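> Take the sequences, apply the hints, and build the full model.
Protein chains: 2
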Amino acid sequence: MNKIFNPKPETWSAILNRPTQTVEDIELTVKEIFSEVQKKGDEAVAKYTSLFDGVRFENSEVSIVEIECAVESVSPELKAAIQLAKSNIENFHSAQKTDKVIVETIEGVNCWQEKRPIQKIGLYIPGGTAPLFSTVLMLAVPANIAGCNEIVLCSPPDKNGNINPAILYAAHLCGVTKIIKVGGIQAIAAMTFGTQSIPKVYKIFGPGNQFVTVAKQLATQFGVAIDMPAGPSELLILADDTAVPAFVASDLLSQAEHGVDSQVILVSTSKAMIEAVENEIQTQLEVLPRKAIAEKAIANSKLIYVDNDETALKLIDEYGPEHFIICSKNEDYFVNNIGNAGSIFIGNYSPESAGDYASGTNHTLPTNGYAKNYSGVNLDSFMKSMTFQKISEKGIQNIGKAIEIMAEAEGLQAHKNAVTLRLKAIENGK
Amino acid sequence: MNKIFNPKPETWSAILNRPTQTVEDIELTVKEIFSEVQKKGDEAVAKYTSLFDGVRFENSEVSIVEIECAVESVSPELKAAIQLAKSNIENFHSAQKTDKVIVETIEGVNCWQEKRPIQKIGLYIPGGTAPLFSTVLMLAVPANIAGCNEIVLCSPPDKNGNINPAILYAAHLCGVTKIIKVGGIQAIAAMTFGTQSIPKVYKIFGPGNQFVTVAKQLATQFGVAIDMPAGPSELLILADDTAVPAFVASDLLSQAEHGVDSQVILVSTSKAMIEAVENEIQTQLEVLPRKAIAEKAIANSKLIYVDNDETALKLIDEYGPEHFIICSKNEDYFVNNIGNAGSIFIGNYSPESAGDYASGTNHTLPTNGYAKNYSGVNLDSFMKSMTFQKISEKGIQNIGKAIEIMAEAEGLQAHKNAVTLRLKAIENGK
Numbered sequence: 196m197n198k199i200f201n202p203k204p205e206t207w208s209a210i211l212n213r214p215t216q217t218v219e220d221i222e223l224t225v226k227e228i229f230s231e232v233q234k235k236g237d238e239a240v241a242k243y244t245s246l247f248d249g250v251r252f253e254n255s256e257v258s259i260v261e262i263e264c265a266v267e268s269v270s271p272e273l274k275a276a277i278q279l280a281k282s283n284i285e286n287f288h289s290a291q292k293t294d295k296v297i298v299e300t301i302e303g304v305n306c307w308q309e310k311r312p313i314q315k316i317g318l319y320i321p322g323g324t325a326p327l328f329s330t331v332l333m334l335a336v337p338a339n340i341a342g343c344n345e346i347v348l349c350s351p352p353d354k355n356g357n358i359n360p361a362i363l364y365a366a367h368l369c370g371v372t373k374i375i376k377v378g379g380i381q382a383i384a385a386m387t388f389g390t391q392s393i394p395k396v397y398k399i400f401g402p403g404n405q406f407v408t409v410a411k412q413l414a415t416q417f418g419v420a421i422d423m424p425a426g427p428s429e430l431l432i433l434a435d436d437t438a439v440p441a442f443v444a445s446d447l448l449s450q451a452e453h454g455v456d457s458q459v460i461l462v463s464t465s466k467a468m469i470e471a472v473e474n475e476i477q478t479q480l481e482v483l484p485r486k487a488i489a490e491k492a493i494a495n496s497k498l499i500y501v502d503n504d505e506t507a508l509k510l511i512d513e514y515g516p517e518h519f520i521i522c523s524k525n526e527d528y529f530v531n532n533i534g535n536a537g538s539i540f541i542g543n544y545s546p547e548s549a550g551d552y553a554s555g556t557n558h559t560l561p562t563n564g565y566a567k568n569y570s571g572v573n574l575d576s577f578m579k580s581m582t583f584q585k586i587s588e589k590g591i592q593n594i595g596k597a598i599e600i601m602a603e604a605e606g607l608q609a610h611k612n613a614v615t616l617r618l619k620a621i622e623n624g625k
Numbered sequence: 196m197n198k199i200f201n202p203k204p205e206t207w208s209a210i211l212n213r214p215t216q217t218v219e220d221i222e223l224t225v226k227e228i229f230s231e232v233q234k235k236g237d238e239a240v241a242k243y244t245s246l247f248d249g250v251r252f253e254n255s256e257v258s259i260v261e262i263e264c265a266v267e268s269v270s271p272e273l274k275a276a277i278q279l280a281k282s283n284i285e286n287f288h289s290a291q292k293t294d295k296v297i298v299e300t301i302e303g304v305n306c307w308q309e310k311r312p313i314q315k316i317g318l319y320i321p322g323g324t325a326p327l328f329s330t331v332l333m334l335a336v337p338a339n340i341a342g343c344n345e346i347v348l349c350s351p352p353d354k355n356g357n358i359n360p361a362i363l364y365a366a367h368l369c370g371v372t373k374i375i376k377v378g379g380i381q382a383i384a385a386m387t388f389g390t391q392s393i394p395k396v397y398k399i400f401g402p403g404n405q406f407v408t409v410a411k412q413l414a415t416q417f418g419v420a421i422d423m424p425a426g427p428s429e430l431l432i433l434a435d436d437t438a439v440p441a442f443v444a445s446d447l448l449s450q451a452e453h454g455v456d457s458q459v460i461l462v463s464t465s466k467a468m469i470e471a472v473e474n475e476i477q478t479q480l481e482v483l484p485r486k487a488i489a490e491k492a493i494a495n496s497k498l499i500y501v502d503n504d505e506t507a508l509k510l511i512d513e514y515g516p517e518h519f520i521i522c523s524k525n526e527d528y529f530v531n532n533i534g535n536a537g538s539i540f541i542g543n544y545s546p547e548s549a550g551d552y553a554s555g556t557n558h559t560l561p562t563n564g565y566a567k568n569y570s571g572v573n574l575d576s577f578m579k580s581m582t583f584q585k586i587s588e589k590g591i592q593n594i595g596k597a598i599e600i601m602a603e604a605e606g607l608q609a610h611k612n613a614v615t616l617r618l619k620a621i622e623n624g625k
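Protein chains in written order, with the working numbering: chain A, 196 to 625; chain B, 196 to 625.
If you are wondering where the hints come from, they were derived from the structure by calculation, not from laboratory data.
You may find that some hints are simply not true.
If chains are identical, the list can't say which one is meant, so a pair holds when it fits in one copy or spans any two.
As the list claims (entries may be wrong) - Derived SDA-like pairs: lysine to any residue, alpha-carbon spacing no greater than 25 Å straight-line:
1. K509 with G418
2. K596 with V455
3. K395 with Q412
4. K226 with E588
5. K295 with E513
6. K395 with S245
7. K274 with K596
8. K466 with Y528
9. K292 with I340
10. K509 with N201
11. K295 with F406
12. K585 with E513
13. K466 with A290
14. K226 with T408
15. K373 with N593
16. K619 with Q477
17. K234 with D220
18. K226 with F417
19. K497 with T559
20. K509 with E299
21. K619 with A467
22. K292 with R311
23. K585 with P312
24. K524 with N305
25. K395 with P214
26. K295 with P312
27. K235 with P394
28. K295 with W307
29. K226 with G418
30. K373 with E205
Just so we're clear, the structure is a prediction, and the values are computed from it rather than from any experiment.
What follows is the structure in structure tokens.
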């Protein structure tokens, strides 16, 4: 752990610097697989599934029987937990629905804004040791509320050709329309171009390793939108003397266990708190199953002491953390003034785990400083805003002259003419 | 003009195909200039301004005196037109403000969503023959309503080192905080990295030629967000016998004059209407100052006859036009069911020009089929959504068990532990 006391503002960006990732080596591989999937479709997908996942399918779509078996095999306890989480996520995301915005901007000029669903979306759920069924909830629940017609889920098969039952259960529960046992670059490529058996989608959501991340970036060059650029997960905790060191340590460790590149930062106005948290981390770390991973992330973590809340806020705002926990007697100050953060957890009983799983907020959040310019996934991520206008004769008379003058000044005579013709027709009709 | 009668659905995608653009040649140039601006800052920017725009500045920021002169030189008529447009744009975008979404998802678990401004934004306004002061309004007005602190505008200088006065007037009127006489790739690079005199921004908005487009794409690899991917402008008109051929022709031509690659499509259930529009186009085209450009775009345009409204809707939805004008006795059918379009203009008195300038809707819209997955620019484009949660002891007791079970099932023990510690503390406190 790196302890830093009262760093000068000019050193902040170096202290808070995130590790840059080089992707150039990967890019070539990703481009090759994309090109092959574009040309050969299912055949190429099957080849890479065989190569990377060690299984070969006649049909990579998960069957109804497979889903039924999965539903059967998930414990009632886990099912209940997933259902509770789903209910809270539904409550929170349903409340994000917006009404039509209708404005008569000037007499006779009726404009409105309406959100309509993105019709076809793709969800990518990684395989590996941690089966992220929670991410299925976070993406499929709002997609359903938005009204997306087609929700395709791709996830890599294990060595036996299966997807973790909890993922299948969650997907089935949340209305995913098609589940496909395909992972990695080939999954993203298939959803980008469409194959004989995998539909082309308009937007791809979900986490993944660096291959998937680069593949999602490449997908955007072929007209597909993505949820957001990805990076290692991050947590910054602001803790003063009102925080509980054991809680703070447990939150920092829950971030650290994600991966060796996880970003873990404590900012405190209390030197005693920094010391206490440091000790607690050592104690709690010992018994963690993912100790090896967490230990490395903790070694790179930063414990930063600053003199006052104002400095703390400025420093945190410059960093723009994905997750930001506030344990401070002045919590309102931080809540009201933080400009850049993905999701904010307030008080001693709001651990990041709550937002990761079950409180109802979304856990797909901007990392890597993207909290400065990107929203976390929310209901609007699955919709697009469209505008409408209906102008009456009176309306075009009210704004026609202004349009003519502006179009002329921009040198666009045909734009002007479209209005002039109409104004004349109205005049002649009188 | 290409007339097509009752095309079979399997031919739609070929008929509606947009020209693909190759950018590979440009990419190298863009990367070089980015790298140089990143390393050398203002010096590199000045070099490229001198090279591409033929002027050399001591200071590229527009001075207060320059703004005052510009304000003086714009005609009162144009000022009034710009002010009317600004007022309507303000009305429409102010109405898009959303309240905090506050939900107690389960007893003791208080979650809310709030939108906060992107603090630093950059606007790019092209130079050239058409001074796009209207785009200044479309971007700076909502940026101001959103509350962005820093609004930087870059636009290339003319041969005499000036920016068009109408652009300066509009920028000044709409609260742009800094106007800089820098254009092209070097402008985008400067706003991406920041230089001694040009601020780094978090999100870049605005149109531009293919160099600017590629530069904006590259900017996203350095952590900057952009409004949306760009492509040539498009208009699709649905017209039945209730349309006015002269109006329809004038709208198609106003699209066609944008550039030779503009996409111009008429879909009609009336063969007589197609013929009448074709004749009107020829007549109106003759007197246009930008005839040479419009003529080429019109030569590539498509006039498509279909038998019925249902087929028309499906075809239009597959295309996903940037601008969609509906002149039909069944206008409600199209308004209610269109899934993919940027901005929709309804009835004979709603020309696209109205939305381009003065009705109040935004004219920065998704082209190239991006209406399927991207919103046009709106108030939310200048903000990001953040979530907050405050959980009470009761709240964590309500969801704690579910979190523990789910975290354990995902193999994330430290996530579980963060909850277990808290639940135990509450129990022990009793």
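> All hints, please: hold or fail.
Here is what the structure says about each hint:
| no. | hint | result |
| --- | --- | --- |
| 1 | K509 with G418 | between (38 Å within a copy, 20 Å between copies) |
| 2 | K596 with V455 | neither (63 Å within a copy, 28 Å between copies) |
| 3 | K395 with Q412 | both (16 Å within a copy, 23 Å between copies) |
| 4 | K226 with E588 | neither (54 Å within a copy, 51 Å between copies) |
| 5 | K295 with E513 | between (35 Å within a copy, 24 Å between copies) |
| 6 | K395 with S245 | within (22 Å within a copy, 46 Å between copies) |
| 7 | K274 with K596 | between (64 Å within a copy, 12 Å between copies) |
| 8 | K466 with Y528 | within (21 Å within a copy, 66 Å between copies) |
| 9 | K292 with I340 | both (9 Å within a copy, 21 Å between copies) |
| 10 | K509 with N201 | within (13 Å within a copy, 62 Å between copies) |
| 11 | K295 with F406 | neither (40 Å within a copy, 37 Å between copies) |
| 12 | K585 with E513 | between (44 Å within a copy, 23 Å between copies) |
| 13 | K466 with A290 | neither (41 Å within a copy, 47 Å between copies) |
| 14 | K226 with T408 | both (13 Å within a copy, 21 Å between copies) |
| 15 | K373 with N593 | neither (51 Å within a copy, 33 Å between copies) |
| 16 | K619 with Q477 | between (81 Å within a copy, 20 Å between copies) |
| 17 | K234 with D220 | both (23 Å within a copy, 24 Å between copies) |
| 18 | K226 with F417 | both (12 Å within a copy, 20 Å between copies) |
| 19 | K497 with T559 | within (24 Å within a copy, 42 Å between copies) |
| 20 | K509 with E299 | neither (41 Å within a copy, 30 Å between copies) |
| 21 | K619 with A467 | between (79 Å within a copy, 24 Å between copies) |
| 22 | K292 with R311 | both (11 Å within a copy, 18 Å between copies) |
| 23 | K585 with P312 | within (22 Å within a copy, 30 Å between copies) |
| 24 | K524 with N305 | between (49 Å within a copy, 19 Å between copies) |
| 25 | K395 with P214 | between (34 Å within a copy, 20 Å between copies) |
| 26 | K295 with P312 | both (14 Å within a copy, 22 Å between copies) |
| 27 | K235 with P394 | within (14 Å within a copy, 47 Å between copies) |
| 28 | K295 with W307 | both (7 Å within a copy, 21 Å between copies) |
| 29 | K226 with G418 | both (15 Å within a copy, 22 Å between copies) |
| 30 | K373 with E205 | between (51 Å within a copy, 24 Å between copies) |
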